[in-house]
Every structure is written in C-alpha cells, then in structure tokens.
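Enquirer: Protein chains in written order, with the working numbering: chain A, 1 to 321; chain B, 322 to 642.
Hints in this document: simulated from the structure, not taken from any laboratory.
Computed from a prediction, not measured in an experiment: that's the story for all the values here.
A virtual CB, placed ideally from N, CA and C, is assigned to each residue, including glycine.
It cannot be assumed that every hint is accurate.
[Stated by the list, open to error] One-sided and incomplete, this derived list gives chain A residues near chain B with beta-carbon spacing under 8 Å:
| no. | residue |
| --- | --- |
| 1 | V43 |
| 2 | T46 |
| 3 | E115 |
| 4 | V119 |
Number of protein chains: 2
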Amino acid sequence: MALGEFALIDRYFRACGARRADVVAGVGDDAALLTVPEATELVAATDTLVAGVHFPHGSPPASIGHRALAVNLSDLAAMGARPAWALLALTMPQAQESWLAEFAAGFGELARAHEVQLVGGDTTRGPLCITVQLLGFVPRGTALKRSGGHPGDSLFVSGTPGDAAAGLALQEARMSAPSALHAYLRGRFEMPSPRVALGERLREFASACIDVSDGLLADAAKLAHASGTGVEIHYQALPVSAALEQAAGAERAREFALTGGDDYELCFAVAEKNLAAFMQELPSQRWDYHRIGVLRKAPGAAVLRDGSVMQFSHCGYQHFG
Amino acid sequence: MALGEFALIDRYFRACGARRADVVAGVGDDAALLTVPEATELVAATDTLVAGVHFPHGSPPASIGHRALAVNLSDLAAMGARPAWALLALTMPQAQESWLAEFAAGFGELARAHEVQLVGGDTTRGPLCITVQLLGFVPRGTALKRSGGHPGDSLFVSGTPGDAAAGLALQEARMSAPSALHAYLRGRFEMPSPRVALGERLREFASACIDVSDGLLADAAKLAHASGTGVEIHYQALPVSAALEQAAGAERAREFALTGGDDYELCFAVAEKNLAAFMQELPSQRWDYHRIGVLRKAPGAAVLRDGSVMQFSHCGYQHFG
C-alpha cells in the first residue's frame, strides 16, 4: 500500500496551483529553488489547521485545502505582499484517493487564482493536521506592519466580519437558520476569500494592517497595541451582512462581528492626511470596506454604543484556548 | 490558562536561534520580512515530525526540537545551500513549561550553530506534531540536485550510516547493547549532525547529492533514478561505526547501514574528472566520507558482495508505510 500511496500523493501535488517562471526547481528534490525578484523583501508566513480544532472533523476536503492556503494568503495580504510559492506539510491518517483529489482541488483552485505554485512539502501519517508555508514579496521597505498606526488614524475593516463564525456555529449545530442563509454563512466559513489585492493596494495608503483571524475586536486591539495606541470601535458602524443579521438577529450578529474568528478580512488604519486619496483611489463600493472606528492615545480597546462603553467577556478566538 | 500559555510560548520562541542582520521583521507580525542576498536562489524545504511515527512518544524534548530543525538542515545541505531562516509550526496537546524550555533549547542550540534565526511560526493545540520550514540560499545556478549524476561517477556517503536506526531500535527495546554503546547510538538518533558545511563545499565537486533520511540504499536509488542511471554499492566498502558493529554484529550492522533511516548524512556522486581535486581539497579524514560505489548505465540499485548481487526485502524507511 505504501508505494501506491506515494504515487497517489505525487499525482495530486506534483502540479498543483499556478506554473511560475521563477521556480527553478519545485516538488521532487530535497528542497525547492526559487528566484526572488530584485529590490524586494521576502515575506514568509506559516499557519496550521488541526482537525477538530480549526475545522470540524468530517469537513469537506475541498474546504480544508482551500482554508489551509487561505489563512496564509491572509497573513501575506496583511503585509501588503504578493504571494508566490507554497509548501504543504500534510499529516493524515491514511491516503484516500477521493479525499486527496478534493483537498488538492480546493488548494489548487485558490492557488491558481492568486498565481501561487506549490513547490514542495512533506506527507506523513498521523492525526489530520495541515501546515502551509507561504512565501511572497513586497518592494523593499514598503511592507505593511501592525505597528505603524497613530492616534487619530481611522480604522477600517474589509467585508462583513462575523459571517464565518456564524457559519461554523451552524455547521456544528450550535445555531440554526433557513437553508439559504445556512448555505451562505457556511460558505463564508468554508471558503473564505483572503484580501490579497486589497492588501497590495493598501501599501500606498494604510499606516498599519492586520488580518482578522481571531476576531475583529481582538485583532484590532493587537494592531493598536503594536502601534502603541488604543482603539475605539463604533458599534453602529460595524458592517454586518444581511444574512448574518437575519440568521442571528441584530444584537448577536454584532457580537459575531466583534468576537467571531476565521473571517480573514483585513483591519487597517489610515492617517487623516491619506484619507481622501484612499477613498478616492479605492472606492469602498468596489473594494468592500467600512470605517469602524479610530486609533486613540488611551490604551486598550473599547466598543462605543450610543456614547457608552460596552463590556465583552471574551474578545475573539484563542488558538490555544 | 490560555493567556499564560501564549506568554510562555512567546518567551521561548521570540528570541530563538541566531540574530541575523538580514531579518527586517521576525516573530510578532503577520509574516516575517527577510532580505535575500543578490545573485542567489532561495532554497526552501519543509519536513514534519509526528509523535509516535518519527520519534517515540516520550522522547526528550531537546531531541525533538533538535531533530525538527536537523531534518530540514539536512535537506538544505543536500542542495549545497546555506541555511538562514526557520519557521516553526508546533502543534501540542498542552503548553508545559519544562517541555517548551527543553524543546526550544534543543532547537535554538542547533539553530545558533548554523546561524539560523527563527522568524515566525504558529502554535496550535492538537496531537504532538512539529513542522519546520527552512529557508536558505545558494549562488544562482550552483545548487546541487539529485539529477546531475552520470554513469561512472563515484558514489560517496558521509559519516557512518545505520547508527541512528540502531539507536532507535535500542530506544524502542527492539535490540540491546552495553550502556556505552547504547548511549552513543541513541545519541546518533536523537541528536543527528546535518552536514551543512560539507554540502556547501560539495557544490564545487559533486555532480549529484541527496540526504540520507530514508535509508542509504533507498536514497542512493532515488539519486540514481533522478540522474537517469543505476547504482552499484559495494558491501565491503560500507562505512560502519565500531559501536554499531559491536552492538549489532558485522552482518546486521551493514543491514542497518543500507536500510536504516534517520541518518541525515549526505550521499553524493563525483565525476571522474573531479575526483582528484575533490579528495585533495576535502580530505576524507577531515570531512568524514567514504566511497561506497559507482553510478552505472543499467537502471536499479544493486549491492555487490564478493562479486555477487545481494537481495534486500525492504530498502529503507517509508514515511507513509
């Protein structure tokens, strides 16, 4: 069986994702050989998904493959980087052809959409666990960081956070909704769209950026902390999808938006002096973002509703919680 | 407990390994920012260790940390690359301070020895599983590959393969030996020394190279296959350590040398025209290698003993076996 499994794995991963001219040697030797463009910095991220922790056991393999790459694309998007090459470390209890085919299809489709080539990896037997390393680049000195914000900068978020957490709650039957809403929200968990193009454009305008993976409030607080500021989020300004509001109600929808995880949206700060150019060059209707608050001198993260500060018992998903 | 665990992990991994001037941003943002030297190719490898598969449950944490990096250093050595930056994806059932301290010490000591800086990673809860991604570089166009060998090239191996497999057999009580031999062989499994310096020097002389992780015979066969050749290994020429020969006997020692795994030595081919310069510039006494055979036209891998071909029922460890 072992040799058959090797052949299977080889079949699905040897030519996965885009074909890039800057790959000197990809899958098949001890390591990949890659040509990094001149005058850039290399950007490297890694994220792991564990079955039963980051996705329910029995999740669709295409979703697992998609998300394993998406979470890393989102990290690169938060740096304003252009993704290029991925390595995949796949640990699984057994090599089942239909599972591998769907996993590779989910991974490969997202990879091709972002011109990412799978250039190496490792397949091992063990409890289902997927680690992707993603490499990309930014023009030297232009990467977005969490730490560049200043008091007075406006805070924005892309998309409609909270959908993914509601989708997961539906999938795990902790919540219920009519089937159309269910399908939409579950799709937002299973097939997130990392904001790679937005991240690249934000290099021109944003002072700081982070991707929203652990919950908007928690991640906005991290951006503020890294910038040496605090942050105020305006409850009424939170963008909430119609589907989430219908499924969860107005109050709970905003709780999902603030504290749910797995959104893979971008939360970013823009200084006053760049605001007009930003909103003109990247119109919000096309780029799908909303202003949700402001960085402030006083440390900490506060959500303001009708002028008073809201309390939250938890602020976002703790990977190690 | 979750926040305490985050702080613990941060304490042990924020400053792990060497400090490198080419790291623009390391641990702490969404991704690392790195400066790749001009006129080089980036070299990227990833390898996973799963508890109970790649090391026994209950192995010393320092050994696990050391090996998680060593297996990747060995991949870069096989390309003739100089290692630079590592990312660590650590999945573990719980964050226990003494375990983390020892793991980070084992990883960090080997990283410093090879001037590698830990620049990012991800920590998740789940069954113990460690994936390291290692990045490095080679002068453009000079990387060693598996595929460069030709019939007539001499085949070499560094060190004394088989020790590690015997060490694992001792650790798992599938074999016994006096305590001094036991300690030596077990150390060869638990703390392998990847041949990074040798790999870099081999760029000048070798036509093909692979690291010996799945067993010498299996890996030599892979090198030959990639080069479009076959390979003959001479049984009498196999370098076997005195410890292994004493512990296992002459016959079984050579079986370990041919089919054991986890050596992390280099197996490489040198063309006739480079042989004299190679042996003069890199004397075998100092660089610790032996000539064990030759690449040949006829495909396949054969072990010759007293002029006849030996049969092997298995040829090396199958990661997915």
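Enquirer: Compare the structure with each hint and give your call.
Expert: To see whether the hints hold, each was checked on the structure:
1. V43: Result: holds, 5 Å to nearest chain B Cβ.
2. T46: holds, 4 Å
3. E115: Nearest chain B Cβ about 17 Å off; hint violated.
4. V119: holds, 7 Å
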